[in-house]
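Chemist: Sequence:
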Amino acid sequence: MWVASPATADVSTSQKLSVLSSWTQTSASSYNTWNSARQNQSAWTEYAFDWSTDYCSSSPDNPLGFNFKLSCHRHDFGYRNYKEMGQFSANKSRLDSAFYEDLKRVCATYSSVVRPACYSLAWAYYEAVSIFGSLAAVQQADIDRAARIKAAAER
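Each residue of the sequence shown is one higher than the one before, starting from 103 at the first, in the numbering used here.
If you're looking for bench data, these hints aren't it; they were derived computationally from the structure. Keep in mind the model is a prediction, meaning the values are calculated, not measured. Yeah, the Cβ is synthetic: ideal placement off N, Cα and C, and Gly gets one too. Among the hints, erroneous ones may be present.
What the hints assert, rightly or not - Taking lysine to aspartate or glutamate and the DMTMM-like style, the derived pairs with C-alpha atoms no more than 25 Å apart in a straight line are:
1) Lys185 with Glu203
2) Lys194 with Glu229
3) Lys185 with Asp156
4) Lys171 with Glu256
5) Lys194 with Asp244
6) Lys194 with Asp152
7) Lys185 with Glu229
8) Lys185 with Glu148
9) Lys194 with Asp163
10) Lys171 with Glu186
To be verified - Each pair of labels, with its calculated beta carbon distance range:
11) Arg250 with Gln143: 36 to 46 Å
12) Ala130 with Gln242: 28 to 38 Å
13) Ser116 with Arg247: 41 to 51 Å
14) Ala249 with Glu186: 33 to 43 Å
15) Asp156 with Ser191: 15 to 25 Å
16) Ser213 with Glu148: 41 to 51 Å
Input sequences plus hints: build the corresponding full structure.
Modeler: And the structure:
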């Protein structure tokens, strides 16, 4: 029996939305599946996903050394593709929640000493996209607050 690969399948709108949904859930497995696809985009050409990103927009990708770059990339992926599919409003809240969960998983990889500062930044980034729809709303004061938390923890 021959099974079509994603690159050779005739993709319907419902199939594209199904894959998009599976790659933009809050779970680590959803993130990992998306990241595997990101690393092998040519296998998904038929789906015509928009893989472009500006990472964390005008906010730092690595605030205080915490690497939020891929979390921002997946968030961009969800926003851009759901907008293109005309399904953004119905999915924005979940995309923002998935972003926050991704950021918290990044924070969990750092030592318990600096983790509170990372979580503070993760919350600021989440609030910016959740309320304003953009990381441009992250203020220097948010980064400064996290820097104070980090500095106090490292003493």
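Chemist: For every hint, state whether the structure bears it out.
Modeler: For each hint, the structure was consulted:
no.	hint	verdict
1	Lys185 with Glu203	holds (21 Å)
2	Lys194 with Glu229	holds (13 Å)
3	Lys185 with Asp156	holds (16 Å)
4	Lys171 with Glu256	holds (24 Å)
5	Lys194 with Asp244	holds (23 Å)
6	Lys194 with Asp152	holds (17 Å)
7	Lys185 with Glu229	holds (20 Å)
8	Lys185 with Glu148	holds (18 Å)
9	Lys194 with Asp163	holds (21 Å)
10	Lys171 with Glu186	holds (22 Å)
11	Arg250 with Gln143: 36 to 46 Å	holds (40 Å)
12	Ala130 with Gln242: 28 to 38 Å	holds (31 Å)
13	Ser116 with Arg247: 41 to 51 Å	holds (44 Å)
14	Ala249 with Glu186: 33 to 43 Å	holds (37 Å)
15	Asp156 with Ser191: 15 to 25 Å	holds (22 Å)
16	Ser213 with Glu148: 41 to 51 Å	holds (43 Å)
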